[in-house]
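Q: Using the sequences and the hints given, assemble the complete structure.
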Amino acid sequence: MALNTENEKKQNYTDHQDYAETEAEQHFRVISPSRMVAKRFFKSKLSIVGLIMIIFVFVFSFIGPFIVDATWGYKETEVFKIERTTDMVTMAQFTGPDGKVYDYYDKSQTQVLFKAPPSFDHWLGTDTSGFDIFTRLMYGGRISLTISFIVIFIETILGIVLGGLAGYYGKWVDQIIMRVVDIFACLPGMPILLVLSATISSIESIPAEHRIYYLMGFLTLMGWTGVARVVRGQILMLREQEYMMAAETTGIKSINKIMRHLVPNTMPQLIVSATLGLGGIILYESTLSYLGLGVPFPRAAWGSMIALADPSKGQEILANYPNMWVPAGILIVITVLGFSFIGDGLRDAFDPRMKR
Amino acid sequence: MGLLDKLKRGKIEGVDNTTYLTLKDERRISKENNKIIKKYEKENNRKNVSEEEYLTQMMDPANVVEFDNLHTYFFTDVGTVKSVNGVSFDIPQGQIVGVVGESGCGKSVTSLSLMRLVQAPTGQIVSGSIRYQDKDGKCYDITKMPKDRMLKIRGKDIAMIFQEPMTSLNPVFKIGYQMDEVVLLHTEGATPESAKARSIEMLNLVGIAAVEKVYNSYPHELSGGMRQRVMIAMALSCNPRLIIADEPTTALDVTIQAQILELLRDIKEKINGSIMLITHDLGVIAEMVDTVVVMYAGRIIEKGTVREIFHNPKHPYTIGLMKSKPGSHNTKGDRLYSIKGQVPNPINMPNHCYFYNRCDKAMGICSQEYPGMIQFSPTHFAACHLYNEDGSDKSEEEKERR
Amino acid sequence: MWKYLLKRIALAALILVGVSVLIYMLTMLMPADYIDNQTSAALQSGAMTKEDVQRLKELYGLADKSFTGILKSYSTWLTSTLSGDLGHSFLYGKPVTEVLSDYIWISFAIAFISYILQILIGIPMGIKASVNQYSAYDYSVSVFAMMGASLPSFFLSALLMNVFAIKLGLFPLQGLTTATKIFAADAHFQIFLDKAWHLVLPLAVLTLLGVGGNMKYTRTNMLEVLNSDYIRTARAKGLSEKVVIYKHAFRNTMIPLVTSLSGMLPSLFGGAMITETVFAIPGIGYMALRATQQGDIPFIMGYNMFLAILTVLGMLISDIMYMVVDPRVKLS
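Chains as they are written, first to last, in the working numbering: chain A, 109 to 464; chain B, -1 to 400; chain C, 1331 to 1662.
FYI, nobody ran anything at the bench for these hints, they're computed from the structure.
Treat the hints with care, as some may be off.
Unchecked claim - Not close to chain B: a few residues of chain C, all C-beta gaps over 12 Å, as computed: (1) E1381; (2) D1559; (3) R1581; (4) Q1624; (5) M1645; (6) M1651.
To be verified - Distance condition first, Cα-Cα at most 20 Å in a straight line; then the derived SDA-like pairs of lysine to any residue: (7) C:K1337 - A:M161; (8) B:K172 - C:M1653; (9) C:K1497 - A:D211; (10) B:K145 - B:R44; (11) C:K1458 - B:E39; (12) C:K1572 - B:D146; (13) B:K29 - C:N1462; (14) B:K145 - C:S1570; (15) A:K151 - C:Y1464; (16) C:K1525 - C:I1446; (17) B:K36 - C:K1458; (18) B:K133 - B:L183; (19) B:K29 - C:Y1464; (20) C:K1337 - A:D211; (21) A:K208 - C:T1510; (22) C:K1572 - B:K33; (23) B:K392 - B:D358; (24) C:K1402 - C:M1355; (25) C:K1337 - A:W280; (26) B:K33 - C:A1466; (27) B:K36 - B:P144; (28) B:K40 - B:T120; (29) A:K151 - C:D1468; (30) B:K45 - C:N1462; (31) B:K321 - B:N346; (32) A:K153 - C:Y1464; (33) B:K323 - B:N270; (34) B:K37 - B:S86; (35) A:K151 - A:M161; (36) B:K36 - B:R25; (37) B:K150 - B:E186; (38) B:K29 - B:K133; (39) A:K183 - A:I171; (40) B:K29 - A:F149.
Cβ coordinates follow ideal geometry from the N, Cα and C atoms, glycine included.
A: What follows is the structure in structure tokens.
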């Protein structure tokens, strides 16, 4: 499916106006491919739902912080000490002298400053450190979205360049690049990311705020192989097509051949795989944050917010404070699902024959 | 900059008078389609339909199949495509009927309607009837038949050979298995052994040399011609009363084409069945068939015996077809004749003659109403305004007057 | 075929060498190793001197972090690995191979049961969705499949724990055995039941996360097959819709399914890091995560290499299965 832009088309018509006019009037109903794609995309309800979800998450995470800052004047790490008394119940089991097992309850009243329940001031309450959860969700989303977009962008560029070289030049270039791709594809992703993140967290000369850049680098390194494979495969296929032969006969430079003819033709597939990949990166990032290897505390990340509910650190939050971790999880699902819906919609729109 | 302006308006006059559908329109259409499709599907999926509902009478007992005003539509998201739009013709017992026309004219959909294999749920037989007479002289209306009853006719009484032998056999089953399957399904008391014997017999009949080897092969191990022979053998194995051959030779080499056609003709003699031969190759028609049906944009525009159609074509489209046949009338150095223009957009067909804007004999009335069928001989019909009701040519002034 | 296989195996070996070099470099670059972790407290309190730590490091072959040093220790590691010795885990105080073989089975059991469940649920649902394309059922299956792929395992685990373990109290929260219960040594069946009861939630997580992909894959492949010419031929033969779908179409869909599913088999031994950790199930994934956090270099190396081998093995198996299942691929 050629992705000629409308401009190119118009150019064509002005060049061969007379011809185009008569021909078109006789045979064709002209509609630009990009318009057709857009139309097919918007026809699917799921695509629209996905788009709405992503727009919502974007507005929430990028515009939200400004509104909060402008209105109430605080950021993600503002600590709120809200005093309240709670019942603290401790329970233990012991075996009495009669050999029976008894439950032992102890109820006492304590003063707590943190973990405030949802209120008008703090819509989702505050967390264990007294941060406003609702605000932290916004900042967490900002981190997740930024990382995923940057990673996907770099990884796509890297993949296009390397895959393009492999596919276009073939022979030993192809051999070397594809073997490297094979090796990277066999690396166990999550464990290696853990090793790398652990490495970064413990190098003292790297400031904690910079950790995130290294993290993005690693995610890119793990992900570019997929793009390279797609691009190489597409180029190998397209090289056999007639229009490449036609380009060859016109004697244009090989770099032009790649840039003007091959790359645009691989774009639809790349756009689709990039969209679908965004969700994957978000999942990776949140898993690392969950394990405490992502964005360092006290900055917010969706994964580390869910980590508060880790039962190994005590069941209290898991059981009694769903306001602390459920919203973050829901936002992750909304974002990843939104990207999947859009990706699926785009795939169907680009190539209706391949309809799922 | 005329064209650019027109582009902006999203409409090119003279091509057709439909503007591009907006998203809203498409949504509306697809909603309506869903409703229509649901209605038809409900009808199709009825169970326990009593036989009386689909029993009927043949017009002429000498026919195997009679199409009567058949309408098969496709309810697509961009509009309703009237693929078959009021088609009526007969297939007499023991004869070969050829159906010709450009691609997309509805020939294949007509045959698929007969098999009740139109791509559901978008494709539906909307109205009309297809009468079929079985061996015992009972006559059924296939369009009203329940699905499970249809299974007993498909492959047994009416068999079909498809255009693409390369992809029409299941790649993961051996030829033998695929052939035995039909025999076992439709022959009462068939055992695996008898089915195999029957399959081998059929493979022999279609002129395959190493029968045992082919029987034990996978489809990909055979050439296209061989596969088409297997398809024919499979179609024959239950002694069908009618074989539908949908462009059986289009995908094959020219040398193989002749062999396959020869084979089909031989076989027709042997089993005394009928053949509905769908093709766009006029050479094939001339050699093979008894009667010809010419279709254009979902309608029959002319039908008659092969002699009538070839020697005395009436409709300008048929005349054009005859002229565009390479090597027929051309002397060396002449340009090949081609009919100008293209078939109109199948959505929103005009209510006048569909051939109007391609016809070199078009006149006033042609853009006003669709012509009725005019009879020229007991077997020869054509739908064209050039002729009077009694089949005589209209005089010049009559043409002027309308 | 043998020639092709040999070529593939040689390529796999080459890939594994590349992977091992990469992993080794990365692991050695970890600045905090097990020794640092263990001795930092002692260092601070003055119980140990820097020289002591250095001596310990030399003992474990971790001292030389220069390029040649890493190269040297890599070659030692490679030779011992090739002889089947993955070294000694610092954290668990046992040979790495022993740790692997001890903890692999519980991971495999969970993964395998979930794999079977995914097949049993995913494939029929995928077929049904493809047969009723664009129906409400089809849409719900697709959305459900995508939901499964969008849920982070730790979030789904937390949700299930909250509802089924804490609120409803149906299943235990964590662990593999009930600590407060003491079973007689011969009460194998009770012990088994107790373990099975503990594994319900982790199994549910793994199955829910994986079944969607299975479903979608079946659906996509089935749709492709259902639109092919030979299915039309099968219908034209008069075969019932059931035979057409479950015999003619499904036999073809089986090819990609069997290929990819058999390729997944080795990975079942790899363990589910996050899910095992959240549920505190002592499987290989849980052990590996702990080892990674502690800087247990021999174990990290061994485990990552093990995973890489599983991946390569999976690719080989699916290649071979493809040749076995698809008659069009010649077995000459």
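Q: Next, verify each hint and record whether it holds.
A: Hints, one by one, checked against the model:
no.: 1; hint: E1381; result: holds (71 Å)
no.: 2; hint: D1559; result: violated (4 Å)
no.: 3; hint: R1581; result: violated (5 Å)
no.: 4; hint: Q1624; result: holds (51 Å)
no.: 5; hint: M1645; result: holds (23 Å)
no.: 6; hint: M1651; result: holds (14 Å)
no.: 7; hint: C:K1337 - A:M161; result: violated (48 Å)
no.: 8; hint: B:K172 - C:M1653; result: holds (16 Å)
no.: 9; hint: C:K1497 - A:D211; result: holds (19 Å)
no.: 10; hint: B:K145 - B:R44; result: holds (8 Å)
no.: 11; hint: C:K1458 - B:E39; result: holds (18 Å)
no.: 12; hint: C:K1572 - B:D146; result: holds (11 Å)
no.: 13; hint: B:K29 - C:N1462; result: holds (17 Å)
no.: 14; hint: B:K145 - C:S1570; result: holds (9 Å)
no.: 15; hint: A:K151 - C:Y1464; result: holds (14 Å)
no.: 16; hint: C:K1525 - C:I1446; result: holds (19 Å)
no.: 17; hint: B:K36 - C:K1458; result: holds (18 Å)
no.: 18; hint: B:K133 - B:L183; result: holds (18 Å)
no.: 19; hint: B:K29 - C:Y1464; result: holds (13 Å)
no.: 20; hint: C:K1337 - A:D211; result: violated (66 Å)
no.: 21; hint: A:K208 - C:T1510; result: holds (13 Å)
no.: 22; hint: C:K1572 - B:K33; result: violated (26 Å)
no.: 23; hint: B:K392 - B:D358; result: holds (16 Å)
no.: 24; hint: C:K1402 - C:M1355; result: holds (12 Å)
no.: 25; hint: C:K1337 - A:W280; result: holds (17 Å)
no.: 26; hint: B:K33 - C:A1466; result: holds (14 Å)
no.: 27; hint: B:K36 - B:P144; result: holds (16 Å)
no.: 28; hint: B:K40 - B:T120; result: holds (13 Å)
no.: 29; hint: A:K151 - C:D1468; result: holds (17 Å)
no.: 30; hint: B:K45 - C:N1462; result: holds (19 Å)
no.: 31; hint: B:K321 - B:N346; result: violated (30 Å)
no.: 32; hint: A:K153 - C:Y1464; result: holds (12 Å)
no.: 33; hint: B:K323 - B:N270; result: violated (31 Å)
no.: 34; hint: B:K37 - B:S86; result: violated (25 Å)
no.: 35; hint: A:K151 - A:M161; result: holds (17 Å)
no.: 36; hint: B:K36 - B:R25; result: holds (16 Å)
no.: 37; hint: B:K150 - B:E186; result: holds (12 Å)
no.: 38; hint: B:K29 - B:K133; result: violated (44 Å)
no.: 39; hint: A:K183 - A:I171; result: holds (13 Å)
no.: 40; hint: B:K29 - A:F149; result: holds (17 Å)
In summary, the numbered hints that this structure violates are 2, 3, 7, 20, 22, 31, 33, 34 and 38.
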